[in-house]
Amino acid sequence: MNRRESLQRIALVLGGVAIAPDLLAQAIAGPSATRQNTPEDRLHILDEMAETIIPTTDTPGAKAAKVGEFIVHAVEYCLPNDRKKRFWDDLDAAETACKRQMGKSFTSCSDNERTRFLQQLQAQKHAKGDDPSVPMFFTALKMLVLHGYFTAEIGATLALNYDPIPGGWIPDMLIEPDTKAWTPLF
Amino acid sequence: MNINIDARKKRTYDAIVIGSGISGGWSAKELCEKGLKTLVLERGNKLDHISDYHTALKDPWDLENRNMQTEDDRNQYAIQSRCYAFNDGTRHLFVRDTDNPYEQTKPFEWIRGYHVGGKSLMWARQTYRWSDFDFEANAQDGHGTDWPIRYADLAPWYSYVERFVGISGNPDGLPQIPDSEFLPAIELTAVEKHLQKSIKDNYPGRTLISGRCANLTARINDRGPCQFRSLCHRGCPFSAAFASQSATLPAAAATKKMTLRTDSIVHSILYDEKKQRATGVRVIDANTREMTEYYAKIIFVNAGTVNTTAILLNSESTRFPNGLGNDSGVLGHYLMDHCYRGRAWATFDGYENHYHKGRRPTGFYIPRFRNLLGDKQQNFVRGYSIGGSCERGAAWQQGAWQEGFGADFKKSMTRPGQWELGLHAQGECLPHFDNKLTINKIKLDAWGMPTVNFDCQWRENELAMLKDSSNTMQEMLETAGFKNIQISDSQESPGKGIHEMGTARMGRDPKTSMLNAHNQLHSAPNVFVTDGACMASTATQNPSLTYMALTARAADFAVKALNKRTI
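The listed protein sequences correspond, in order, to chains E and H. For the first sequence, the numbering used here gives the first residue as 233, with consecutive numbering after it. For the second sequence, the numbering used here gives the first residue as 13, with consecutive numbering after it.
Since the hints were derived computationally from the structure, they do not count as laboratory data. Beta carbons are placed, not taken as given, at the ideal position from N, Cα and C, and that holds for glycine. Be a bit skeptical, because a hint or two may be false.
As the list claims (entries may be wrong) - Only pairs whose alpha carbons sit at most 30 Å apart, straight line, appear in this in silico BS3-like list of lysine-lysine:
id : chain 1 : residue 1 : chain 2 : residue 2
1  : H       : 523       : H       : 70
2  : E       : 412       : H       : 479
3  : H       : 70        : E       : 298
Stated by the list, open to error - Between beta-carbon pairs, the in silico distance windows are:
id : chain 1 : residue 1 : chain 2 : residue 2 : range
4  : E       : 308       : H       : 521       : 58 to 64 Å
5  : E       : 402       : H       : 575       : 38 to 44 Å
6  : E       : 394       : H       : 83        : 25 to 31 Å
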């Protein structure tokens, strides 16, 4: 029951996405305003950002798990209406900042460039006066990427230990350092 | 004339049961098994066992929103979506708030499921017997009126229903929660055992036990055993989680005495002033809005606390201008719920190479220890129990707040998460006259029924208890070495505990209560109320098991009285 509640909390926290990253604001401060991306571009950017966060390793990554598609759905239907636009604005701002810094779209960057750019996003701190309990754009993005990946069939069954019908309860068992988690079902 | 008599005969039964939830299911089973031709009226839709559990076996990736709450949920299910059991797999089991309005003079979070089985499908299945600490409490401290029964009256009926339901638990030998007829318990995790020992060593009088629950750890008849999926709220396709449609309704149907009529909203109970008996019920067809009357010798009102009382209030006659059986004027008053506001969350370092397998449909439970067995509090009467669990989720569930991304991060996200503990205090709520519900006969719902208005709030005793429970949780967790302890107040309104009780209470005196010791209306003896409305206090235990025992006991009394022609 408690873990269920903590999941509900995640949904609530996500409901409060609000971000105005300083560095991004600086990066895009200039003659040209943030350029709005098409839905196709946004999906493409999200897929690549998600893949940078959860890359293909010995198991498929976020792109294979169609995490971008999930995030589009989650933002459209699950975020409160007033936050929805903010999320897309922030994604567009990130893409504009990337173009300014790297000279190209996030989707055209090399792996190294993507990592460097996301590290900058990750380093964003709340501006003075911002509610620190409201996640920054990168935190919100990461939350959606993790949720999207590990509840997708690929993530749930290949990256984790999927056991839909355990058949019994073992209250205490010893594990090795490389034991995978059971896929949470709720 | 003959046609009319025939038509009336067709709509005449030995017994009518209003509602098919946890207590209605028991009324149906008991009355049918005792040979009564019984009509069960359910206001909601048909929902057949297993075949209608269309989300029961869905994988996470097949859920529409992967269990994230939508803006539509928050708008259309504004109250229901706050329930812990509301999600992508259970949404269809909750009423749409926009279609089922009610009024709140003070906030009341009314959680409802209108379908066959009612909330017995989505309940948390925690099952604890009450003891005489509870049945004697009102008489001892003067809050509320004395229960007309004692533990000894109910004990055989607890055993009777438990043997049929199947309760998993340990014989803990605790006087405040007498042992049930048990199936094997669901054992505690490693860190829960650590907490159990720490509490035993440091806090005499407090005991942490495995949560007792109505999930079958062994097969009973053709039900169970539990497969430890912990997706009980979607409906259990293994019949291991107790619900009306997995257990009591099939037993009732097997007698061939039951007629189950869905989409039947009971408008009121009919009363014959000459016979001084209820004669039947008036029913609105939920689809056509057509009104029909059904007749019976006895009526069991099991519509769920709030709707049961709303029906009684709406049953007006010259004899009962303020609602059926309401000579005392207490109908609708003394509304109660458990106060679940006190919460704790913490993590535990250690036991890193310990884990568990399967998903438990329960957790642990610390029964009441305040104002009991030598403990005496100055600031409040009665007490609270504490429920909780300590398990490891998956690391990714907390991953968004950790630094990093990329291959190594991904790998770390696939590991078991840290040990996370959650606690909630479950505080007893005192009966208070001004905590009440009324019906508004001007503001009608889509079916022409009066809307319910709640005027209920937590009061001094509940709030004093909340403060104490927060302190004790903090203290016990610190003592046991938990880290990152966060104590919080959920601030939730009454109703959210989904243990709404009272409003047609049992009692010894017809001047201050609605029902006698056999759940019979003092002044309309062929009407029985055996759901939460009958409760004269809340105790600290989850109440459903007690509703079931009271129902079986009342049904036994009713049929004997019927045979003796005393009702």
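Residue 83 of chain H and residue 394 of chain E - C-beta distance against the hinted 25 to 31 Å: holds (30 Å)
Are the Cα atoms of residue 523 of chain H and residue 70 of chain H separated by 30 Å or less? violated (53 Å)
Are residue 70 of chain H and residue 298 of chain E close enough, with their CA atoms no more than 30 Å apart? Holds. Residue 70 of chain H to residue 298 of chain E sits at ~19 Å (cutoff 30 Å).
Can you tell me whether the CB distance of residue 308 of chain E to residue 521 of chain H sits inside 58 to 64 Å? holds (60 Å)
Restraint status (C-alpha distance of residue 412 of chain E to residue 479 of chain H at most 30 Å): Judged against 30 Å, a Cα distance of about 40 Å means the pair is violated.
Do the beta carbons of residue 402 of chain E and residue 575 of chain H sit within 38 to 44 Å of each other? Roughly 51 Å apart at Cβ, these two residues miss the hinted range, so it is violated.
Hint compliance for this structure: hints 1, 2 and 5 are not met, and every other hint is.
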